[in-house]
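The hints should help you fit chain B onto chain A, whose structure is shown.
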Amino acid sequence: MRKLLTRRSLITSAALGAGGLLIGCDALSRSPSFQNILASAEDANFLVQRALGDRMELASEYSIADLSPTFRANGTRDPGTADYAESATQGFANWQLKLTGLFKKPQNFSLSALQSMPQRTQITRHDCVEGWSAIGQWTGVPLKLLLDLAQLQDTAKFLVFHCADRLGGRPYYESIDLLDAFHPQTIMAHRLNGEAVPIENGAPLRLRVERQLGYKHAKYVTGIEAVATLDNIGEGKGGYWEDVADYEWYAGI
Amino acid sequence: MTASAEKAEKRHRLTTRVWHWVNALCLLVLLMSGLTIFNAHPRLYWGEYGAHDDYAWAAVGSSQTLGYVRVGETKIETTGFIGNWRDSDGKIQTWAFPGWATIPSYYSLAEGRRWHFFFAWIFSIGLTIFMIRSLFNRHVQRDLHVTRSEWRPSHIWRSLKDHLRLRFHDDGTVNIYNILQKFSYIGVIFILLPLMILTGLAMSPAMDANWPWLTDIFGGRQSARSIHFIGMLLLVSFFIVHMVTLALAGPFKQTWAMITGGKREGSADA
Chain A
1 MRKLLTRRSL
11 ITSAALGAGG
21 LLIGCDALSR
31 SPSFQNILAS
41 AEDANFLVQR
51 ALGDRMELAS
61 EYSIADLSPT
71 FRANGTRDPG
81 TADYAESATQ
91 GFANWQLKLT
101 GLFKKPQNFS
111 LSALQSMPQR
121 TQITRHDCVE
131 GWSAIGQWTG
141 VPLKLLLDLA
151 QLQDTAKFLV
161 FHCADRLGGR
171 PYYESIDLLD
181 AFHPQTIMAH
191 RLNGEAVPIE
201 NGAPLRLRVE
211 RQLGYKHAKY
221 VTGIEAVATL
231 DNIGEGKGGY
241 WEDVADYEWY
251 AGI
Chain B
1 MTASAEKAEK
11 RHRLTTRVWH
21 WVNALCLLVL
31 LMSGLTIFNA
41 HPRLYWGEYG
51 AHDDYAWAAV
61 GSSQTLGYVR
71 VGETKIETTG
81 FIGNWRDSDG
91 KIQTWAFPGW
101 ATIPSYYSLA
111 EGRRWHFFFA
121 WIFSIGLTIF
131 MIRSLFNRHV
141 QRDLHVTRSE
151 WRPSHIWRSL
161 KDHLRLRFHD
171 DGTVNIYNIL
181 QKFSYIGVIF
191 ILLPLMILTG
201 LAMSPAMDAN
211 WPWLTDIFGG
221 RQSARSIHFI
231 GMLLLVSFFI
241 VHMVTLALAG
251 PFKQTWAMIT
261 GGKREGSADA
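For the record, the sequence lines run as chains A and B.
So the first sequence is numbered by the UniProt record's numbering: it starts at 1 and just counts up by one.
So the second sequence is numbered by the UniProt record's numbering: it starts at 1 and just counts up by one.
For reference, chain A alone in the conformation it holds in the complex (with noise of 0.2 Å):
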């Protein structure tokens, strides 16, 4: 019985298993009825996580001394514009924030207007969907603050967050629910570790909204455009990773 399990004979059908599981697992990956069973968990996640807690919980907040020597920037770290590059030299004075689509009182903020707003500061991990991490202090207005003033329709569902970069030369959106765009550590950040926000971090303006991964995270904020729908906008589903590599819209786990 030793004799006929062979090394050999294990390496090859064991190989022989993981390339047929390998065909059959990328058969099934390019389907599309397949991946929305899988997608389906993704469903069961975001209704679990939302149903954990007061739903208002707070991402874990942290001290000066748990910084991350740099924070990484990711995705675009400038967006080349002509518009944009002669923004920063004038340090992004004539930089304007419009609150449009389903609102009664549609808003334009100027980039002084919000930092004279009242400000929240916090120390936050930012959670890549890749698996790094990093520790920063983050300072900007409570996005309430702002959709108080703008005043939702009662049709709005979802804010759209547009941004001033292209990837791949398309433009970056990303968007949130109500749920989230109403929690206290949903911001407009225009300042990390006390200093104005970096290029490559997004400067002027990023969103901060925690209890997601990095990628929801939009930086260069121009517009917030509140909707009833995603399908209009982009593809459709919700923000630019979501329509270009299929990430998932709740980007809680």
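A couple of the hints might just be wrong.
To be verified - Subject to a maximum C-alpha distance of 20 Å in a straight line, what follows is the list of computed SDA-like cross-link-like pairs (lysine to any residue):
1) A:K237 <-> B:L109
2) A:K237 <-> A:G168
3) A:K237 <-> B:K263
4) B:K263 <-> B:L14
5) A:K237 <-> B:A110
6) B:K182 <-> B:D143
7) B:K10 <-> B:T255
8) B:K91 <-> A:G168
9) B:K75 <-> B:Q64
10) B:K10 <-> B:G262
11) B:K91 <-> A:I23
Because the hints were derived from the structure by calculation, they are not lab data.
Just chain B now, with coordinates in the frame of chain A:
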């Protein structure tokens, strides 16, 4: 228990058998899709943060000419296997784990995550049902419970020596599992597998908001990620030992018993 009831009893109960195979499938998919996720950032840290410029206690190095695994300050060259390998078209790829080890075989973080989370649900539900059922059908108490005599160092030592001599059956006992098997099964089912679920959840930002203590007990998100990875290595080690002992103890008979239930040794007709 009457003799006839004992006679009818299978060596492995239905719950054990169904769970065993469901679990085997889940762990294989979780391992391979987990390697896809790991490939997105093949570095491991301790603490709450860790990114490309921070010190990683373990990392995979990749280039067009070289692949290596570094653990602490020890570098092991793995060119051709990890960090630098040829795909089926003969093209050199520089992501950490090769396509034959990942699901899907091409690089897609989103698809790897979908496979991982879907099978994580099946695995978690399966483990929970198995644990509860095993308490009620007395699998835990009868087969896994370590008896007082088995705790004796001399007994453990004898069993260890038997294993090293490749003798796997305790003669004259009715236990279907020997003490070393019990230790490893208890360790895997009640410690390692739950640890994989908990460290997995501890990496989730929403779970961190809902249950901050969960991330804290592992010492931070990056520590949880490292422990999740080490746990994977332990499970792979368990699998290898499981396969070697299976091969030595009679692979066909043992596998058949795990499919059909087999006959309990030491029962009335023995």
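Cross-check of the supplied hints:
| no. | hint | result |
| --- | --- | --- |
| 1 | A:K237 <-> B:L109 | holds (17 Å) |
| 2 | A:K237 <-> A:G168 | holds (17 Å) |
| 3 | A:K237 <-> B:K263 | violated (54 Å) |
| 4 | B:K263 <-> B:L14 | holds (13 Å) |
| 5 | A:K237 <-> B:A110 | holds (13 Å) |
| 6 | B:K182 <-> B:D143 | holds (8 Å) |
| 7 | B:K10 <-> B:T255 | holds (14 Å) |
| 8 | B:K91 <-> A:G168 | violated (25 Å) |
| 9 | B:K75 <-> B:Q64 | holds (17 Å) |
| 10 | B:K10 <-> B:G262 | holds (6 Å) |
| 11 | B:K91 <-> A:I23 | holds (18 Å) |
When held up to the earlier numbered hints, the structure conflicts with 3, 8 and fits the remainder.
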